[in-house]
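Undergrad: Each chain, written out:
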Amino acid sequence: MTSFLDRIRAAAPIASRYGGSKFRKPTDALVADLEAALSPGQVRADGAQRALLSHDASLFDGGVAGPVCFPTTGEEVQAVVTVALRHNRAIVPRGAGTGLAGGAIPFGAPVVISLTRMNRILEVDVENRVAWVEPGVVNLDLTKHLKRIGFHFAPDPSSQQVCTIGGNVATNSGGPHCLAYGVTDAHVLAVEIVLASGEKAMLGSIGPQDEGLDLRGAFIGSEGTLGVATKVAVRLTKNPPAVKTLLLSFASVRAAANTVSAVIAAGIVPAAMEVMDQRITIAVENFVKAGYPVDAAAVLLAEVEGLADGVKIEAEQISAIGTQNGATEVRLAQSEAERELLWKGRKTAFGAVAQIKPDYYLHDTVVPRSALADVLEEIYKIADRHQLIVMNVFHAGDGNLHPLLLFDRRIEGELDRVHAAGAEIVEASLAAGGVLSGEHGIGIEKQDYMDRLFTSDDLDHQNRLRNAFDPSCRTNPGKVLPMAHSCADIQALRSVPAGVWG
Amino acid sequence: MDLKIDPEELNACVQCGLCLPHCPTFRVTGDEAMSPRGRIKLMREVQDAGAPLTKEVLRSFDTCVQCRGCETACPSGVQYGHLMEATRETLAAKGKVTPRWQRAALMALNRPRMLRAGSAALAIANKFGLVPARLGLPANMPVRQAPLKTSGHDVYLFTGCVMDAWQRSIHAAAQRVVEAAGYGVEPTGALAPCCGALHMHAGLAKTTRKFARAMIASLPDRPILVDSAGCGAAMKDYGHLLGTPEAAAFSARVFDIQEWLAPNLARLPVSEPLDVRVAIQDPCHLRHVQQVHLATREALAPFVSELLELDDEGLCCGAGGAFSVLEPELAQDIRARKLTSIERVDPDYVASANPGCALHLASSGVPTIHPMELIDAAINNTPLPAK
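Taken in order, these protein sequences are the chains called A and B.
Read in my numbering, the first sequence has 8 at position 8, and its numbers run on one by one without any break.
Here my numbering runs 1000 ahead of the position in the second sequence, where the first position is 1.
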């Protein structure tokens, strides 16, 4: 991965990171024009702000943000994009900054469009089961808002308490409950976007049928490289009448993985099936105190929902399949509070690892369910070889692995070992017939692996699609597609005179 | 610049961002520089990477309410309070935060006579409408208050500074409730004039340590009951602040009054519950710092007809000690969110166990009441304040 960052640095040299220039407030024409287009309070160009927005939740450290804008309407987004166009500057949209693949990391001092202030729920249409929301609405806020009318937004990534709908659209987010409900793509009917040219476009429709090409589908998961979403029509999902959550303990990760395959093979589609290994369970339990068994080698959190009678039967079936596969304990959450606490543990798992090491590298690959146990075994071996601690927590139901490699970046050479191990994990997943990313996206993290999964023709076509939306390659340049297939990005990154933004 | 933050504690943050929605200033601004993750990142830039202390960096540190809602949200257990306290202490020592007029005002808190005289003057000015509304003074602020009398020596009731000068009636209610449970109460009054919480917030930790040492010497042996969540949190932290075994032993004797009352409920006389719908507003320093907010529910449940929960997971109301006075715009934006949550449950009263929160909410028209006043009303038939 570092090789890519080296190339970026070569394309647009970055002055010494903390030499002072980064913290000097630039007062150039671009900032003045942005302030004129919005209001002075909505544009920030100070060093502190730019230092902060040069990062997201990933490990990548080579970003350099230009001025940061806080638009509050679609028209203001258009105005920002138009100013950027006039100054031949790239744009990078940003939500809550929880991405793990570096999708929101700005390269070459672009105009960063922070969408956190576009956080209104515009319209809830229960009859048609659709809501129009702005991209900065927090995923969980939307679900809470819908709760009192008995609905929710189905994609529920672990970061749902903080991540935004715009970010969900950008990465086509999943989440534990996407096993039964499908990922973001299945829950977004239409997106209003602003193109790099400053024009508005509506992709998809809330009507029963789309006309022509499914551009909505092309946009979802495009990680900000096709334009900026300014309004999203989301599908409302009815809350189930009954829910049961089971916690199964196992003496091995393999037994847990086999149980997952067996449940699906038996024709049951639970709402969610999540596995955590012992190390992560201990860290999580230390934070939530939900009664997770810390002595089990692996735990499986399975949830079934629907009509009460069906739920009861399915819970019994899962329990029986677990026991056949060696479950040492099967526990049924007895109350809503207990359920919520178990899920809180699962959903804060990543953050909890800092109790053990100060840094983590969270991977995201998908393998066929039947290969789960073998790939997991391989992952533990890879980590051992590189003398690293690995923890596994994953969306077992759809084969989406999230190995966490723990390290301390202050220890010389440890990050290099993490990157080496990470590369081997990706190779192992691909070798088992898997794909690069389940839900975090490609960003800058997996760019260099794209040609392992796609042919040169595939990638060229993806680039042509990108060019159709954004001929100048100014929206989130340097992401997703490998550099060899998106040459124009280099031009966009180079357009900033060296030193201007430090 | 060395902010004198413990490097291990500073390094504990993994920058995952799960704290963002639990931070009141990020919630109302959407500005990473006004989030715990952003503030920690800037601390690292300044302390580890030699970034200059620009006015934007200072602003980021200055706008933290220190509610510590991020701590209970943090799965990594980052001790954010320690990070911010160390930062403020270093910056205050260099004269970068807490200007002189603020220091002078804070020093008055430890001088009960001066505080009472000043408060009486304020109360009179307030009656004539001469005090700006943003100061959030209670509308019926008393000019003269009856003194609290010692009824025995089983427990101390910590009376503190501003609360005693402005809201002694709450202490009186708390005292009656504890006496009804069969305990003799000694109000601390001049024995322990101020806990030093606001000084700590302002970076004047040296002053807080001085107050702490004096208080530990003057309040020996007995449990110390505190009816102000902010004070209780500060006093429970003396053990960490002074790092001595006797300070730790002192902190172990400090109880939030609801926390202490909950296991003693059976000793209170049986009474009809009041016919009121009460929403519980959890003060941050009760919920996120002391983490004993459930006791408020337990203590109140037998005495009111209905308890209502707000749906904002204990997000700060914007009071934050002196924050509502120093940062009125931010404080009002933050309060607006709380008001929306309150409106959704439409209560008769909002029960708050912290004077700062109660005043801040009351100044926008919310009918606030202390849990002890409700219990007092139920068991002693004292009249409830007008809604």
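If you're looking for bench data, these hints aren't it; they were derived computationally from the structure.
From a predicted model like this one, the values you see are computed outputs, not experimental measurements.
Think of the CB as a built atom: it goes at the ideal place given N, C-alpha and C, for glycine as much as any other residue.
It is possible that some hints are incorrect.
[What the hints assert, rightly or not] In silico SDA-like cross-links for lysine to any residue, where the CA-CA straight-line distance does not exceed 20 Å:
#1 A:Lys144 - B:Arg1344
#2 A:Lys344 - B:Arg1344
#3 A:Lys357 - B:Ala1012
#4 A:Lys147 - B:Ala1012
[Unchecked claim] Derived DEER-like restraints, expressed as beta-carbon distance ranges:
#5 A:Asn128 - B:Thr1382: 20 to 30 Å
#6 A:Asn286 - B:Asp1002: 26 to 36 Å
#7 B:His1240 - A:Arg410: 21 to 31 Å
#8 B:Asp1006 - A:Val435: 37 to 47 Å
#9 B:Asp1346 - A:Leu430: 24 to 34 Å
#10 A:Arg86 - B:Gly1050: 29 to 39 Å
#11 A:Tyr380 - B:Asp1221: 52 to 62 Å
#12 A:Ala337 - B:Pro1273: 16 to 26 Å
#13 B:Lys1055 - A:Glu127: 25 to 35 Å
#14 A:Ala337 - B:Thr1340: 54 to 64 Å
#15 B:Asp1002 - A:Asp451: 29 to 39 Å
#16 A:Asn239 - B:Met1114: 55 to 65 Å
Undergrad: For the pair supplied as a hint, Lys344 (chain A) and Arg1344 (chain B), is the alpha-carbon distance within the 20 Å limit?
TA: Violated, because 25 Å separates the two Cα atoms, which is more than 20 Å.
Undergrad: Going straight from one Cα to the other, do Lys357 (chain A) and Ala1012 (chain B) come out at no more than 20 Å?
TA: The given pair, whose Cα atoms are some 8 Å apart, holds under the 20 Å limit.
Undergrad: Given the proposed pairing of Lys144 (chain A) with Arg1344 (chain B), does the C-alpha separation stay at or below 20 Å?
TA: Holds, at roughly 13 Å.
Undergrad: Hint says 37 to 47 Å; check whether the CB-CB distance for Asp1006 (chain B) and Val435 (chain A) agrees.
TA: Between Asp1006 (chain B) and Val435 (chain A), where Cβ atoms are some 43 Å apart, the hint holds.
Undergrad: If I claimed the Cβ atoms of Asp1002 (chain B) and Asp451 (chain A) lie 29 to 39 Å apart, would that claim hold in this structure?
TA: violated (47 Å)
Undergrad: Measuring from beta carbon to beta carbon, are His1240 (chain B) and Arg410 (chain A) in 21 to 31 Å?
TA: holds (26 Å)
Undergrad: Is Lys147 (chain A) close enough to Ala1012 (chain B), meaning Cα to Cα at most 20 Å?
TA: This hinted pair is violated, its Cα atoms lying about 35 Å apart.
Undergrad: Are Asn286 (chain A) and Asp1002 (chain B) spaced within 26 to 36 Å by their CB atoms?
TA: holds (31 Å)
Undergrad: Range first: 24 to 34 Å. Now tell me if the beta carbons of Asp1346 (chain B) and Leu430 (chain A) are that far apart.
TA: This hint is violated: roughly 57 Å between Cβ atoms.
Undergrad: 20 to 30 Å was suggested as the range; check whether the CB atoms of Asn128 (chain A) and Thr1382 (chain B) agree with it.
TA: Taking Cβ atoms as reference, Asn128 (chain A) and Thr1382 (chain B) lie about 54 Å apart, which means the hint is violated.
Undergrad: Range hint 29 to 39 Å: satisfied by the CB atoms of Arg86 (chain A) and Gly1050 (chain B)?
TA: holds (36 Å)
Undergrad: For Asn239 (chain A) and Met1114 (chain B), compare the CB-CB distance with the range 55 to 65 Å and indicate the outcome.
TA: Given range 55 to 65 Å: holds, Cβ gap about 58 Å.
The structure is inconsistent with the numbered hints 2, 4, 5, 9, 13, 14, 15, although it conforms to all the rest.
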